[in-house]
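2 protein chains.
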Amino acid sequence: MGADQLREPHGGTIVNGTAGNSMPQGFQHPMGVEEFRKHGKEMVDFICDYHANHLQEAPVRSNVEVDYLRRCVPASAPEEGEDFNAVLTDVQRTVLPGVTHWQSPNFFAYFPANSSYPAMLGDMLSSAFNVIGFSWISSPACTELEAVVLDWLAKLLDLPPAFLTVGPDNTKGTGGGVIQGTASEATLVALLAARAQKLKGRDAADALKLVAYTSDQAHSCVMKACMIAGIQHVRVLPTSAQHDWALQSQVLQEALEQDEQQGLLPFFLCATAGTTSSCAIDSLELLGTLARQHSLWMHVDAAYAGVAAICPEHRQAHEGLHLAHSFATNAHKWLLTNFDCCCLWVADAEPLKAALSLTPVFLRAKGNALDYKDWQVPLGRRFRSLKLWFVLRCYGQRKLQEYIRHHIALATSFAARVRSHPAFEIMAPPRFGLVCFALKGQGNEVNKALLESLNQTGRVFLVGTELGGRFTLRMAIGSATTQAHHVEAAWQLICQHAEQMLANGQHSSIAN
Amino acid sequence: MGADQLREPHGGTIVNGTAGNSMPQGFQHPMGVEEFRKHGKEMVDFICDYHANHLQEAPVRSNVEVDYLRRCVPASAPEEGEDFNAVLTDVQRTVLPGVTHWQSPNFFAYFPANSSYPAMLGDMLSSAFNVIGFSWISSPACTELEAVVLDWLAKLLDLPPAFLTVGPDNTKGTGGGVIQGTASEATLVALLAARAQKLKGRDAADALKLVAYTSDQAHSCVMKACMIAGIQHVRVLPTSAQHDWALQSQVLQEALEQDEQQGLLPFFLCATAGTTSSCAIDSLELLGTLARQHSLWMHVDAAYAGVAAICPEHRQAHEGLHLAHSFATNAHKWLLTNFDCCCLWVADAEPLKAALSLTPVFLRAKGNALDYKDWQVPLGRRFRSLKLWFVLRCYGQRKLQEYIRHHIALATSFAARVRSHPAFEIMAPPRFGLVCFALKGQGNEVNKALLESLNQTGRVFLVGTELGGRFTLRMAIGSATTQAHHVEAAWQLICQHAEQMLANGQHSSIAN
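If you read the sequences in order, they're chains Y and X. In terms of this note's numbering, the first sequence opens at residue 1 and continues consecutively. In terms of this note's numbering, the second sequence opens at residue 1 and continues consecutively.
For reference, chain Y alone in the conformation it holds in the complex (with noise of 0.2 Å):
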């Protein structure tokens, strides 16, 4: 049988089950792999231009109008392959106008999403494996690399010896670190875990009864985590502006009388160290003792500021972490390390491989082997250890501990610049990187449009929250690039805006 006769019509190739001796013919990739070192140079030269120039230039926000995108793309893919340098045009002419770059050094939005070179190397090599280390021998280096760094880190940030892998005795305990695409993820698993733990050996009806406990304050993660696990009562206590919006365990244990006696089960807490409107830091002391007594899970929120334990003298709103269950903070905010990178630790695994392990044959791992994906919602990951490994070795404590300072002294510095202004005032304490602050006597209106303002100029990004019902701008420093100068002229302009929009009274005809 002839070449000729194993081709189908479509370019398919079929082999006769019986003749079978001849393979088909082979595949060419459009790119080879001396392309790629071609354009890899080439990409590696684009971000440094995005980096070193692009970066200094552009709105930090982007003003480009809804489905802007779709009227300047094809309907459709190509049908024949077109030459990368068309595609690196059009991200160029399509795709930069529609980015709010997060790695301007005029970023102060939401929190940090911190890049580094170190770490983008450390991503490179990722895709270049491309490995799926769900298990142990999917790929061992990417779950033993990851065991090691977040032990790196867990030592690093001071956090209770419990939550290593290989514990200071050179011992495995029952805890361990695990790298979580996000902080929700994190809330997520720790809730599920908590779950599985309370509701061992009850009545599946029991589910129904369960009570979650976070404050007003905490990110809508917990929220959301309650409604994916379809857990019934959620109770978003209460904070205010006289405790600095932080929980307080009054009201918690009042929370947890009241729903013990009409025979709900109370299972979970999640406390907040650095919440997302205001940086509030909810005592992991009072909250973790009360837990224990209660027999809650509690799991400690550190999304933003966990990191700052890096420097021992940022570590109070750590204290009484060794009575939580298990703790998250995200080194993809402001430790250097690209998205995603979410650090979560638990002082025994053992509650989460009850509530996420299923183990089919053609998976299981030989051994006494750390598998992952038990550890995790999803079955597959990528290897994202890698980044951060790089991220440590490069930096080294050192240099961490200079970095997180230097954000700190920025944000005091902001916050007295704040606080000396008579039109100003702060809302609440400056934390970490975060300032919040607002135009003193006026109202939500005014702070809005003064928010939208800026933004509208392109040179700063801030974004705005609500503090006791009072519309509260949130100055975030923390990109990986911001200087002082940076802040300095971000306040200079602060300041120009309020003043003109007091001056010329626009601020009754400005709505959002």
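I should point out that these hints are in silico values taken from the structure, not numbers from a laboratory. Everything numeric in this text was worked out from a predicted model, so none of it was measured. All C-beta atoms, glycine included, are put in the ideal place defined by N, C-alpha and C. Misleading hints may appear alongside valid ones.
[Said to hold, decoys possible] Taking lysine-lysine pairs in the DSSO-like style, the calculated list, with each CA pair at most 27 Å apart, reads:
(1) X/Lys38 - Y/Lys41
(2) Y/Lys209 - Y/Lys353
(3) X/Lys41 - X/Lys172
(4) Y/Lys209 - X/Lys209
(5) X/Lys41 - Y/Lys399
[Claimed, not checked] Here are the computed distance ranges between Cβ atoms for each label pair:
(6) Y/Glu35 - X/Gln56: 55 to 65 Å
(7) X/Ala204 - Y/Arg459: 21 to 31 Å
(8) Y/Glu34 - X/Gln293: 40 to 50 Å
(9) X/Arg292 - Y/Gln261: 25 to 35 Å
(10) X/Thr457 - Y/Ala75: 47 to 57 Å
(11) X/Cys72 - Y/Ser357: 24 to 34 Å
(12) Y/Pro168 - X/Arg398: 56 to 66 Å
(13) Y/Tyr68 - X/Arg398: 28 to 38 Å
(14) X/Gly32 - Y/Glu35: 23 to 33 Å
(15) X/Gly32 - Y/Ser295: 44 to 54 Å
(16) X/Gly469 - Y/Glu319: 36 to 46 Å
(17) Y/Asn170 - X/Glu254: 38 to 48 Å
(18) X/Ala369 - Y/Glu319: 33 to 43 Å
(19) X/Ala204 - Y/Pro78: 45 to 55 Å
Given the structure of chain Y, go ahead and fit chain X onto it with the hints provided.
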């Protein structure tokens, strides 16, 4: 107040609240833009060397022992930053031996996890932007390119028009596509949407009556999704060799009627188009009709095989897809797009948002924009559409079809070899790139021993499964660089090991 007075013992800087006019000093990163230009290009060369040389020589499945890595790295992060070349040396020394090489042309385990150079370039760019695209405004291009590219892919796969964000008539419908991390997350998200839809307007206690359906060949992620969501009733319906391991609609119908009679609430069906074990294909037409009759949400998990629909002659598996509410396939398996890139489409996004949306004030988008955070479990998300866009453009439709046909031809040819060899038998109809086979007339221990003996050579990596109680070897052909001679060599190796094993009668003593 002088600069000295502002400095704390720990090196932090405090600015006095009233003075506050001096900004702290600058921070310098250990790796600046010019160092990255240099090291980035070195990394490109490193990756080229990995692909062109290392992958050809290294054992496909890593042969390290558990805890190998901890023994060759320090117990803590360095105090001072290290030179990048020291890190790269350690990648070679400590990481590479522990990598199971998913990009090897001789990787036939699990299902493929394709990478490609265009995808890697797209991912480099995504790392450089490092935007967190949870809402439209947080980076409009991230959201809009994703919607466009998923429309492109939907058209390439000839998916039902309801799945498009912008339909053929150029208007927005109720559905659309979104990139999830993994098929596990896509299944979970679909299940949550189904639950939200079913429970709308019902008592909370009805949650305990919900029943999900799938087959015993479905991916374990269906069961995991049910565990996460707290679904009490899951029917894992039996399949058989007689029907090629596909879920029969009659089996589903009986289960549905039984459950309905008992007052339970059927709400979700996960059908599979290409199961993990044997690539079995459930009839979407029959199951979908039944699902509609009983008001079930039908999710179609086509994680591996779905992308084959890019070829018109491989679309049979999708007959009846218009009856599905959601459909997922992984571009990160067999479509040359680095992990993670699971493409999920829904015909109506409202139930998804009902299940997953929470919008605090500081995240509110302007206008009628698409906020993908409400389509997924986590809040944060990476700019993943770039890599898929790069792939679709650099390959074009024609090359992608040729690519899929290339692997299917290799698998067809391999299956013919198995069939024509008297010692082997085919264990399930070969589909797409997967061939399930075993030694004829030999027990599970012998087949397990054959598999382990092959993997120990380091020259191939396959995994096994069980079909109807029989241990089965899976030859999954689909690595991006696999050519005919790799498959040919694998077949020779398999024959050689099988013949040796059968000849020297050692099989009775080789237990797994």
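Consistency of the hints with the structure:
1. Between X/Lys38 and Y/Lys41, the direct Cα distance comes to roughly 9 Å. Compliance with the 27 Å bound is thereby established for this hinted pair.
2. Note on Y/Lys209 and Y/Lys353: the hinted pairing holds, with a Cα-Cα distance of about 23 Å set against a maximum of 27 Å.
3. For the hint linking X/Lys41 to X/Lys172, the alpha-carbon distance of about 43 Å lies beyond 27 Å, and the restraint is violated.
4. For a cut-off of 27 Å, the pair hint linking Y/Lys209 to X/Lys209 stands: about 16 Å separates their Cα positions.
5. For the hint pairing X/Lys41 with Y/Lys399, the CA-to-CA distance comes to about 25 Å; that is within 27 Å, so the pair holds.
6. Y/Glu35 and X/Gln56 have their C-beta atoms about 19 Å apart, which leaves the hinted 55 to 65 Å range violated.
7. Checked against the hint of 21 to 31 Å, the C-beta distance between X/Ala204 and Y/Arg459 comes to roughly 49 Å, which is inconsistent with it.
8. In this structure, Y/Glu34 and X/Gln293 break the distance hint of 40 to 50 Å, their C-beta atoms being roughly 57 Å apart.
9. Evaluation of the 25 to 35 Å hint for X/Arg292 and Y/Gln261 yields a failure: the beta carbon distance comes to about 46 Å.
10. The supplied range of 47 to 57 Å is met by X/Thr457 and Y/Ala75, whose beta-carbon atoms lie about 49 Å from each other.
11. Range check, X/Cys72 to Y/Ser357: about 29 Å between beta-carbon atoms, so the 24 to 34 Å window is met.
12. As the Cβ distance of Y/Pro168 to X/Arg398 is approximately 60 Å, the hint placing it in 56 to 66 Å holds.
13. The hint said 28 to 38 Å for the Cβ distance between Y/Tyr68 and X/Arg398, and at roughly 30 Å that hint holds.
14. Our hint of 23 to 33 Å for X/Gly32 and Y/Glu35 holds, since their Cβ atoms are close to 28 Å apart.
15. Between X/Gly32 and Y/Ser295, the C-beta spacing of about 52 Å keeps the proposed range 44 to 54 Å intact.
16. Distance hint for X/Gly469 and Y/Glu319: a CB-CB separation of about 57 Å, inconsistent with the stated range 36 to 46 Å.
17. Checked against the hint of 38 to 48 Å, the C-beta distance between Y/Asn170 and X/Glu254 comes to roughly 57 Å, which is inconsistent with it.
18. The supplied range of 33 to 43 Å is met by X/Ala369 and Y/Glu319, whose beta-carbon atoms lie about 42 Å from each other.
19. At about 50 Å, the CB distance of X/Ala204 to Y/Pro78 agrees with the hint of 45 to 55 Å.
Against the hints set out earlier in the document, violations occur for numbers 3, 6, 7, 8, 9, 16, 17.
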